[in-house]
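**Student:** Residue-level listing of the chains:
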Amino acid sequence: MNNNNLKDVYVVDGCRTPFLKHHGRPGPFSASDLAFSAGRALLARQPFNASDLDEVILGCVIPGPSEANIARVVALRLGCGWCMPAWTVQRNCASGMQALDSAALNIAAGRSHLVMAGGTEVMSRAPVQLNHDMLHWMADLRFSKDIKKKLKTIARFRPAFLKPVIALMCGLTDPIVGLNMGETAEVLAHLFEISREDMDAYAVESHRRLAKAQDNGFLEEIEVIYDKEGNYYERDEGLHRDTNPAILARLKPVFDHGVGKITAGNSSQITDGACMLILASKEAVEQYSLPVLGRIIDSNWAALEPSEMGLGPVHAVPPLMKANSLKPEEIDYWEINEAFAAQVLACLRAWENEDYCKNILGLESIFGSIDRERLNVDGGAVSLGHPVGTSGARIVLHLLHVMKRNNARRGVAALCIGGGQGGAMLLERDGEGP
Amino acid sequence: MTDQQFKNWYIVEEQDIYWLYCDKADSSTNVLSESVLTELSTIVKKLSVKQVRGLVLLSAKKSGFIAGADIEEFTSLKSSSAAEQLIRGGQAVLTLLEKLPFPTVSLIHGYCLGGGLELALACRYRVAKDDIHTCLGLPEVKLGIHPGFGGTVRLPRLIGAPQAMDLILTGKTIDAYRAKKIGLIDHLVPDRHLKDMAIKCIADKLPPHKPSAFIQMTNHAFVRPILKAVMTRKTEKKADPHHYPAPYAAINLWSHYGGNPKAMYAEEAKSLAGLITGTTAQNLIRVFFLRDRLKALGKGGTFPVSHVHVIGAGTMGGDIAAWCALQGLKVTLQDITPKSISSAIKRAYALFKQRLKNPRLIRNTMDRLMPDITGTGLSGADVIIEAVFEDTQVKKELFQKIEPLIRQDALLATNTSTIPLEEIAPSLAKPERLVGLHFFNPVAKMPLVEIIAGELTDPAEAAKALSFTGSIDRLPLPVKSSPGFLVNRILMPYLLEAVLMVEEGVAPHVIDRAALEFGMPMGPVLLADTVGLDICLHAAEIMSEKYSVIIPGILEQKVKEGHTGRKSGEGFYRYKNGKHIMPKSSSGLSATGQIEERLILRMVNEAISCLDEGIAEDADLLDAGMVFGTGFAPFRGGILQYCRTEGFENIRERLTSLEEQFGERFHPMQGWETIK
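If you read the sequences in order, they're chains A and B. Take the first sequence: its position 331, counting from 1, is numbered 331 in the working numbering, and each next residue is one higher. Just remember that the working numbering sits 1000 ahead of the position in the second sequence, which is counted from 1.
For the record, the hints were derived by calculation from the structure and aren't laboratory data. It is possible that some hints are incorrect.
[Claimed, not checked] Non-contacting residues of chain A with respect to chain B, defined by C-beta distances greater than 10 Å in every case (computed): (1) Arg40; (2) Arg77; (3) Asp146; (4) Val224; (5) Gly230.
[Said to hold, decoys possible] The calculated label-pair distances, taken between Cβ atoms and stated as ranges, are: (6) Gln1557/B x Gly24/A: 49 to 55 Å; (7) Lys1430/B x Gly24/A: 53 to 59 Å; (8) Val1049/B x Ala68/A: 43 to 49 Å; (9) Gly1314/B x Ser325/A: 58 to 64 Å.
This one's a predicted model, so the numbers in the text were calculated from it and none came from an experiment. For every residue, glycine included, the Cβ atom is placed at its ideal position computed from N, Cα and C.
Isolated chain A (complex conformation) (with noise of 0.2 Å):
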């Protein structure tokens, strides 16, 4: 956003629920439930009442039937009030950081000064639809006149009609070129040469990186969060704290069965969570006399190939440094998404790779190493798994809290996109750097 034109976008707060695990069985709360929840917890600390805000936008992939612009949902159930405009972005992975942008942007424009945004996923509840034989069936039954026709119609019946439609399954599959995102990571795995033992180690750290953030308290962001029945649920639930690469070493693959490398193990896990931010204009935390988390100064979006759609950030970043003069080794902090332990060490690759960086990239040399001491240093989606439509705000939202407590000035938010596609966002604050 390098045009003078443009106001500062300032991140004031923002708040998440932990990331409750898929337990085979649909979760406890629905999407709005969680956006709710995050939302009313982040708003009941500012100074400011819902009803100031200008707008809420939310990133969400698959939201209940009953939650159709599930941003306005939220925003009525947080009692922003009826003249609240709300509305719902979908970029698949990256629908968290998405919402982040469009009200950036909107902040940017000074259409608006105070914008709630985030994402929110509940991937357990993912709807499970009839087929369409099924539906066809059950149309000819209810058109069928008489009881002869009736009749007939019923015997064409065939159990095969009972076969579900899973949505998940169908959202995590690429439409075009019809591998599954499991898929896609394997291809990387081979595209770059990357062992299971590689991915295993990866997936080990990032355990153990969350266990110590969690022990340190470094996950100041989570709210706790109660359901009907009497359970709250306050850390995230994906942690294996006693996790080894001897027990990695043991699962087996998902996706290319018997030959593959990528395991339930060494894969972003299915998970329910929102997180939700508060974005102002200068001019509102002037009004408001807000505190300031960080600034969004740039985000760049790019796309590729879908079955190498793991490697969206290495042509997400490139672009975004050079819009703002920056070099890698500019960047203070780091998060990529984990969408796979693989897809993370394919992008490292990828930028330490002459090759693609020139051929592929159009850069003049290769784009660097990133420290791995600097990147996702709480850990990622591995362990604390990846509600799609939120992991965006999370990514934003957490770096923007290890660099509070790094006095660190530049952080980089990135992303893989399922159907090939890559985001990344530029964050900055008062810090005095590395």
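Given chain A, work out where chain B should sit, using these hints.
**Tutor:** Showing chain B alone in chain A's frame:
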């Protein structure tokens, strides 16, 4: 016709239909007073000779259709024969209405209760507005009577005996959706179609609701005795026939005369006339007016509240928070750990589910109740209620900590049940802010809130407390600040006497049975176990600082052993899955008479002392406190009303003889000399 002026009715003629509006003079609610009925009689008589397409009966009041009979008039009934005459008169008006030669429709919105519903039943059609405010029912039984304007005749005929008798025997009200489902109303339409539907009923001569053959069978002479047995057994579980004769009278009416409407009308009037002049009904009517009196106390003044912050998510704090959310307020509930808040949220959900039923309303109400570990709600709240552990020091420290965080105009209250305000308030920079808002357990069932103004309390803050309590549909009772205030102070000797008897060797369930037979909602031993023996002991200790309270050794021993009651699985009873286990044999003393006397008279003695000290302003308010705070036998009209019925002198003599037998704790306290 339209030119004649009535005080309580007016008529509009439109499209050849008479629209008869009930608009009771000088009142915001329609009730069927004698003058309303007399005028209706005149109107119906005149209408019967008119050539019109139909008559629509509706209300001009916003609050609803007709809320019932004029209960004020019940108190002036001199004899049962006068009452019978009055009832027969009412029945005659409704019979006239029923026999009009053209279709009649009652157009219902809001309250349609008691006599109002009976009036609607006399119409051919009932059309109701589809919204949450519409409510129908025959609540007469709650006043110790049963319907008298043909309700017991027409209702079972319309919707069958099981549904009809359920409404009549429990006095419960139902919403429009349920009423439509059971056939009580013919058509349920949104506001925008109400009048169109009434016109359609008349113009198209729609078939009125007719019960199915199966439902009609329930009124058959062969079926009635069977159903009667079922109904009687069900009713006995809820109301003792000796204390509450009305439901049994209604069952008898239906089972004897269910096949003969003409006789049934006459018997209905006779039975009601007998009930209405009896002590149970008169005492329940007294309780009805006591409720009105407390309600009025909550209506004075305006203190707009939208956000309540409750500190302490224990049983009381959690339930107060849930109640406030149910009443439409935004609530933040603070506690140190998520664990205690989570169980409060679970209880709140159960309450909302039971009360609201509609999933959207339940969700909206849950959304208003926010768990708040960090106390973010403190700074914006209109009312802050402290409900932490009953410990003066803990409370003092808490108030000191929160005082700088809260708004200057917020109401600051403690839910202490025993500690006088003077002991807590000095910890505040502005001690005049603190008031006591003492709720009773369970909050959703016990409507009373004691409002405690300490010596330092600013009267304006106490007035805010009254207004707030009224606004959340609870009954405020101003009491003086002294240990135990009013209700717990009177209850304590009763509980301790029960514990003493356990110590003497009387089985807990024998004691409890005696109390239940007197009409208490729960036996004292079970009550102590439910409240928690540790909490009882603690309260007794606080009260013993000012009053002579003898604490039985067995209570201290139980607490020391960790047998603190229901919550620990064992107190005086043992508990399994939260329910107490009844011993099989009923050993112990059979002299329940003296058990009852010992329990009740200690309460009476303390009540007299409270009245003497002016803890409550007068005897009626004291009675109201005991009925609405503890469920003290409502059919007895209150604890002092009970003495009045028995004779104060008589009770005093019994006290004196108990004193000779059991010692000084039965010595008539100061106050007996002046009581009349």
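**Student:** Check each numbered hint from earlier against the structure, then list the numbers of those it violates in ascending order.
**Tutor:** 1, 2, 4, 5 and 8
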